[in-house]
Amino acid sequence: MEKSLNWREFIITRAIKASGYSAIVFVLLIFFFLMREGLPALSEVDASSLLSLRWYPIENYFGILPLITGSLIVTLGAALIAVPFGIGTAVYISEIAPRWMREILKPLVELLGGLPSVVLGFLGILVVSPNLRILLDLPTGLTAFTGSLLLGGIAVPTVVSVAEDALDAVPRSYREGAWALGATPWQTIWRVTLPAAKSGVLTAIMLGVGRAIGETMTVMMVTGNAPVLALKLNSLFSPVRTMTATIAAEMGEVANGSVHYHTLFLIGIILFLISLTVNVIASSVVFRAKKRAERILS
Amino acid sequence: MMKLLARNRHAVQRIGYSFITLMAVVTVLPIVGTVLFILFKGGSAISWEFLTSFPHDGMRAGGILPAIIGTLYLTIGTAIFSVPLGIAAAIYLSEYAKDTPLTRTIRLAIINLAGIPSVVYGLFGLGLFVLFLQFGTSILAASLTLSIMTLPVIISTAEEALRSVPQQFRTVSISLGATRWQTIQRIVLKEALPGILTGVILGLERAAGETAPILFTGAAFFLPRLPQSPFDATMALPYHLFVISTQVPEMPIQIQYGTALVLLVFVLTMNIIATVIRSRARAKRQW
Chain A
1 MEKSLNWREF IITRAIKASG YSAIVFVLLI FFFLMREGLP ALSEVDASSL
51 LSLRWYPIEN YFGILPLITG SLIVTLGAAL IAVPFGIGTA VYISEIAPRW
101 MREILKPLVE LLGGLPSVVL GFLGILVVSP NLRILLDLPT GLTAFTGSLL
151 LGGIAVPTVV SVAEDALDAV PRSYREGAWA LGATPWQTIW RVTLPAAKSG
201 VLTAIMLGVG RAIGETMTVM MVTGNAPVLA LKLNSLFSPV RTMTATIAAE
251 MGEVANGSVH YHTLFLIGII LFLISLTVNV IASSVVFRAK KRAERILS
Chain B
299 MMKLLARNRH AVQRIGYSFI TLMAVVTVLP IVGTVLFILF KGGSAISWEF
349 LTSFPHDGMR AGGILPAIIG TLYLTIGTAI FSVPLGIAAA IYLSEYAKDT
399 PLTRTIRLAI INLAGIPSVV YGLFGLGLFV LFLQFGTSIL AASLTLSIMT
449 LPVIISTAEE ALRSVPQQFR TVSISLGATR WQTIQRIVLK EALPGILTGV
499 ILGLERAAGE TAPILFTGAA FFLPRLPQSP FDATMALPYH LFVISTQVPE
549 MPIQIQYGTA LVLLVFVLTM NIIATVIRSR ARAKRQW
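Chains as they are written, first to last, in this note's numbering: chain A, 1 to 298; chain B, 299 to 585.
Mixed in with the good hints, there may be bad ones.
Said to hold, decoys possible - In silico DSS-like links for lysine-lysine, alpha-carbon gap of 27 Å or less:
| hint | chain 1 | residue 1 | chain 2 | residue 2 |
| --- | --- | --- | --- | --- |
| 1 | A | LYS106 | A | LYS17 |
| 2 | B | LYS396 | B | LYS488 |
| 3 | B | LYS396 | A | LYS17 |
| 4 | B | LYS582 | B | LYS488 |
| 5 | B | LYS488 | A | LYS17 |
| 6 | A | LYS106 | B | LYS396 |
Hint data in this document are derived by calculation from the structure and do not stem from the laboratory.
From a predicted model like this one, the values you see are computed outputs, not experimental measurements.
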């Protein structure tokens, strides 16, 4: 009895430790398989073709620049919406709202995070884009701006929850100090609480942007999917095509192992590296801030 | 201007507060609006027949049964893989791991997994499960892909729940002669259960609503019968909604709203269950 218990304990402990490492294994596996399927594209497609301005795989034009600018412009638009509204809502929830209001708002924002992106895309097609077309007098409602508007909504919950956590972590004594010096609550928010939570708010923005750039279904459904180079500001109101939408729309129709197939994986590698960069920077910002806080407190 | 503002700081206070409140309202209203709109528009499409029959006439008529069943299968499949693995990883991080470079690498890996775009998970699933391991486009490949995507959500919420169990509980249990695993199993896990459950449901909610990861790993455009084994492809609610709202011309709008409604109710139910479990546990907690 005693002995079998020890054995069980030993095996379970081993299993738990092995599971603990699983996250590292999966990140490496994802990286490895993206590389395995995507790197051949670099030898099959000329660099000049990859960096050209034309994405037309049927005739072997694999210019990924229009896709990258498409992703950037939609994400930029989404950030311009999600950052102010996300931080504003976080400030409201953490600093202004009465307790009962907070208990209602937090689950609601969480709910937005859980809404399937395909449902938002569906509403984008049926409700948002026809109205935008009439409102802004455009030839089509399926534009980068429509995508930005909906993506903003998708990024908001991330921004709100991370920023709200950061604001919540600011010690109450900071605020009391400011009030005692005669600052109004509004001045306290702007000059004390927000600056104290700066690194957390920055992380919130980065994670929100990361969320927006990786979003697939909504942008595929509402941005019109035209692979044209989007460099001017008014491209915001014309159709674009993002990296994510290109993969989702075309992967189903390519032959495994073809040049087109490898190039789509190459785009996947770019997306993977972008999200890796965003997350490593975001988490190191948090890390540094923690250290600084520890220094101040000690 | 600045002077004027400084003198009227109480006016600024009022204006500022109203402005921020307005922003919160503008953020939250569309959420409520979206849900109510779909409930209202889709309600009339819902009938017993819609929920229990196959689509026919090129999906322009009939019901969405195979998509509902498919999403159930995928959610259950995801749970089978991600729940045990996620909870075990959380136990490791909260109960065993010390603050070493390796542990920090694990945390970084979890953060990265959480940030990888869903369509990249789809590519990965295609490369590893569908082609390399030759599972084919199947429920198995799609569930495994969704599991890895869900893992970071489950690990981080479960770890938080485990950590919130006070240290004394462990000390007392160990001092009474229990082994480490007995302590974790009978004391820590039991106390952290509501928190873990909330995380699991929120993770599975996300998996149930995802389309991009299953696009090339397990989703089928249309199937005349229900999947018979984990190696069959399946229809799924989110993919079905995508198909009928973009790929099928002259699709009756009623069926589209009805499908959106069923998907939304599926996801909302999970969300509400998770929220209720969490707030109940918080109210009951004595420590």
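Tested hints:
1. For the hint pairing LYS106/A with LYS17/A, the CA-to-CA distance comes to about 34 Å; that exceeds 27 Å, so the pair is violated.
2. Restraint check for LYS396/B and LYS488/B: the C-alpha separation of about 23 Å stays at or below 27 Å, so the hint holds.
3. Under the criterion of a C-alpha separation no larger than 27 Å, the hint pairing LYS396/B with LYS17/A is consistent with the structure, at around 12 Å.
4. Between LYS582/B and LYS488/B, the direct Cα distance comes to roughly 14 Å. Compliance with the 27 Å bound is thereby established for this hinted pair.
5. Proximity of LYS488/B to LYS17/A is assessed by CA-CA distance (about 20 Å); at most 27 Å being required, the pair is judged to hold.
6. A C-alpha spacing of about 33 Å is found between LYS106/A and LYS396/B, which places the hinted pair above 27 Å, so the restraint is violated.
The earlier numbered hints that this structure contradicts are 1, 6.
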